[in-house]
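Chain residues, written in single-letter form:
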Amino acid sequence: SAVISQKPSRDICQRGTSLTIQCQVDSQVTMMFWYRQQPGQSLTLIATANQGSEATYESGFVIDKFPISRPNLTFSTLTVSNMSPEDSSIYLCSVGGGWAMNTEAFFGQGTRLTVV
Amino acid sequence: AQSVAQPEDQVNVAEGNPLTVKCTYSVSGNPYLFWYVQYPNRGLQFLLKYITGDNLVKGSYGFEAEFNKSQTSFHLKKPSALVSDSALYFCAVKGNRDDKIIFGKGTRLHILP
Numbered sequence: 001s002a003v004i005s006q007k008p009s010r011d012i013c014q015r016g017t018s019l020t021i022q023c024q025v026d027s028q029v030t031m032m033f034w035y036r037q038q039p040g041q042s043l044t045l046i047a048t049a050n051q052g053s054e055a056t057y058e059s060g061f062v063i064d065k066f067p068i069s070r071p072n073l074t075f076s077t078l079t080v081s082n083m084s085p086e087d088s089s090i091y092l093c094s095v096g097g098g099w100a101m102n103t104e105a106f107f108g109q110g111t112r113l114t115v116v
Numbered sequence: 001a002q003s004v005a006q007p008e009d010q011v012n013v014a015e016g017n018p019l020t021v022k023c024t025y026s027v028s029g030n031p032y033l034f035w036y037v038q039y040p041n042r043g044l045q046f047l048l049k050y051i052t053g054d055n056l057v058k059g060s061y062g063f064e065a066e067f068n069k070s071q072t073s074f075h076l077k078k079p080s081a082l083v084s085d086s087a088l089y090f091c092a093v094k095g096n097r098d099d100k101i102i103f104g105k106g107t108r109l110h111i112l113p
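Sequence order for the protein chains is C and L. Counting from 1, one number per residue, gives the positions in the first sequence under our numbering. Counting from 1, one number per residue, gives the positions in the second sequence under our numbering.
There's no promise every hint is true.
As the list claims (entries may be wrong) - With a Cα cut of at most 20 Å, we get these calculated SDA-like pairs of lysine to any residue:
(1) K105(L) to E58(C)
(2) K7(C) to P40(L)
(3) K105(L) to S3(L)
(4) K69(L) to T24(L)
(5) K105(L) to Q37(C)
(6) K22(L) to G40(C)
(7) K105(L) to V3(C)
(8) K7(C) to Q24(C)
(9) K105(L) to S1(C)
(10) K105(L) to R112(C)
(11) K105(L) to K7(C)
(12) K49(L) to G40(C)
(13) K105(L) to G60(C)
(14) K22(L) to K49(L)
(15) K22(L) to Q41(C)
(16) K105(L) to Q24(C)
(17) K105(L) to F106(C)
(18) K105(L) to Q41(C)
(19) K58(L) to F106(C)
(20) K105(L) to S88(C)
(21) K105(L) to S59(C)
(22) K105(L) to T44(C)
(23) K58(L) to S1(C)
(24) K58(L) to N72(C)
(25) K49(L) to T103(C)
(26) K7(C) to R42(L)
(27) K105(L) to F61(C)
(28) K105(L) to I90(C)
(29) K7(C) to Q45(L)
(30) K49(L) to F61(C)
(31) K49(L) to S88(C)
(32) K7(C) to S3(L)
(33) K22(L) to S59(C)
(34) K49(L) to S1(C)
(35) K105(L) to Q38(C)
(36) K49(L) to A2(C)
(37) K105(L) to P39(C)
Said to hold, decoys possible - Some chain C residues judged to face chain L by a derived CB distance under 8 Å, without partners named:
(38) D11
(39) F33
(40) L43
The set of hints was computed from the structure by calculation and includes no laboratory data. Beta carbons: idealized from backbone N, C-alpha and C, even for Gly.
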C-alpha cells in the first residue's frame, strides 16, 4: 500500500485567485492521478501525471485551468487557476492502477476547496 | 471506452439483513474491478478487488463481491448489515490495457436500526 499526504486539507478561496494542492507519496510511483469530486457526486478524473512528461488531461479539463507539476517520483502538485464557485469540490490525489499494475488505487484524504 | 454504472442512488436495508449494491461495467479487454467506501468527511477506503481467479472475492469489514462475466456485473454484498456500514459506496473499473480507474456515480447505503 501507499501513504498519500495532501496539503492543504481544506481552504476557502476568493474567486479569481489560484490554489496549489500538494501531494506527497511515501514511495516512488510512476503515475499519479488527480480526481475531482463535486458535492454529492462521483469522482471525475482530471489528469494523469507522469514524472518527466507533461500531464495527460481528460476531456473537459485543460492545462491552463489545472496546471500540474510532477518534479519527481514521490510528489505532484495541482493548481486550480482563476477559481470560480463552480470549482468548489474535493480534489483527490491518487496512485496505483497504472496499466502495468493490477493493484487498487490509493487516495489521499483530499483537499476540500470552497470558492466564494 | 470504459464505463461503470451503479443503477441505484440509494439503498435502504434493515440492520441484520443481507445487503446488495449493484454495479455493471464496460471495458476493453479483461476488467480489473474495485469497490471503495467513503464515510462522511473522510477519504476513499479500498474494500476489495477482482483481478483474476475466483469469481467471489472477499474484502474488508465482511464485504464480498461476485464477478459475473456474462452479465458484466460486480455486485457488492454483505450477509448481515450493520448500522456502521452506512456510507457512500463506489464501484470502479480499469481495463487491463488502461492506465486509469473510472468510478461509478456512487450508491448511498442506509442501514436502518
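Verification of the supplied hints:
Distance restraint check for K105(L) and E58(C): the Cα-Cα separation of roughly 17 Å lies within the 20 Å cut-off, and the hinted pair is therefore satisfied. For the hint pairing K7(C) with P40(L), the CA-to-CA distance comes to about 19 Å; that is within 20 Å, so the pair holds. For the proposed pair K105(L) and S3(L), the alpha carbon gap of about 11 Å is at most 20 Å, so the pair holds. Annotation: proposed proximity of K69(L) to T24(L) holds, straight-line Cα distance about 10 Å (limit 20 Å).
Simply put, K105(L) and Q37(C) have alpha-carbon atoms about 10 Å apart, close enough for the 20 Å limit, and the pair holds. The hinted pair formed by K22(L) and G40(C) meets the criterion: a straight-line CA distance of about 19 Å does not exceed 20 Å. Under the criterion of a C-alpha separation no larger than 20 Å, the hint pairing K105(L) with V3(C) is inconsistent with the structure, at around 25 Å. A C-alpha spacing of about 9 Å is found between K7(C) and Q24(C), which places the hinted pair at or below 20 Å, so the restraint holds.
With a CA separation close to 25 Å, the supplied pair K105(L) and S1(C) exceeds the 20 Å bound. Taking the CA atoms of K105(L) and R112(C), the gap is near 19 Å; set against the 20 Å cutoff, the hint holds. Restraint check for K105(L) and K7(C): the C-alpha separation of about 26 Å exceeds 20 Å, so the hint is violated. Between the alpha carbons of K49(L) and G40(C) the distance comes to roughly 24 Å, so the proposed pair goes past 20 Å and is violated.
The hinted pair formed by K105(L) and G60(C) meets the criterion: a straight-line CA distance of about 18 Å does not exceed 20 Å. Under the criterion of a C-alpha separation no larger than 20 Å, the hint pairing K22(L) with K49(L) is consistent with the structure, at around 15 Å. A distance of roughly 17 Å separates the Cα atoms of K22(L) and Q41(C); the hinted pair therefore holds under the 20 Å criterion. Between K105(L) and Q24(C) the alpha-carbon distance is near 27 Å, which puts this suggested pair outside the 20 Å criterion.
Straight-line distance between C-alpha atoms of K105(L) and F106(C) comes to about 18 Å, which keeps the hinted pair within the 20 Å bound. Restraint check: the Cα-Cα separation between K105(L) and Q41(C) comes to about 6 Å, which is no more than 20 Å; the hinted pair holds. Restraint check for K58(L) and F106(C): the C-alpha separation of about 18 Å stays at or below 20 Å, so the hint holds. Using a Cα cut-off of 20 Å, the hinted pair K105(L) and S88(C) holds, with the two alpha carbons roughly 18 Å apart.
Annotation: proposed proximity of K105(L) to S59(C) holds, straight-line Cα distance about 17 Å (limit 20 Å). With a C-alpha separation of about 9 Å, the suggested pairing of K105(L) with T44(C) holds against the 20 Å cut-off. Simply put, K58(L) and S1(C) have alpha-carbon atoms about 18 Å apart, close enough for the 20 Å limit, and the pair holds. Restraint check: the Cα-Cα separation between K58(L) and N72(C) comes to about 36 Å, which exceeds 20 Å; the hinted pair is violated.
With a CA separation close to 8 Å, the supplied pair K49(L) and T103(C) stays within the 20 Å bound. A hinted pair counts as satisfied when its Cα atoms are at most 20 Å apart, and K7(C) with R42(L) qualifies at roughly 15 Å. Taken as a hint, the K105(L) and F61(C) pair is honoured in the structure, with Cα atoms around 19 Å apart against an allowance of 20 Å. Annotation: proposed proximity of K105(L) to I90(C) holds, straight-line Cα distance about 15 Å (limit 20 Å).
Taking the CA atoms of K7(C) and Q45(L), the gap is near 19 Å; set against the 20 Å cutoff, the hint holds. Taking the CA atoms of K49(L) and F61(C), the gap is near 29 Å; set against the 20 Å cutoff, the hint is violated. The suggested pairing of K49(L) with S88(C) is violated, with an alpha-carbon distance near 31 Å, which exceeds 20 Å. Taking the CA atoms of K7(C) and S3(L), the gap is near 30 Å; set against the 20 Å cutoff, the hint is violated.
Taking the CA atoms of K22(L) and S59(C), the gap is about 27 Å. The hint is violated against a cut of 20 Å. As the CA atoms of K49(L) and S1(C) are separated by approximately 14 Å, the hinted pair is consistent with the 20 Å bound. The hinted pair formed by K105(L) and Q38(C) meets the criterion: a straight-line CA distance of about 11 Å does not exceed 20 Å. Pair hint K49(L) plus A2(C) holds up; C-alpha atoms about 16 Å apart against a cutoff of 20 Å.
Restraint check for K105(L) and P39(C): satisfied, since their Cα atoms lie roughly 12 Å apart, inside the 20 Å limit. Checking D11(C) against chain L: minimum C-beta separation of about 15 Å lies over 8 Å; hint violated. For F33(C), the interface hint holds, the least distance from its beta-carbon to any beta-carbon of chain L being 6 Å, beneath 8 Å. Hint on L43(C) holds. Least Cβ distance to chain L is approximately 4 Å, under the 8 Å limit.
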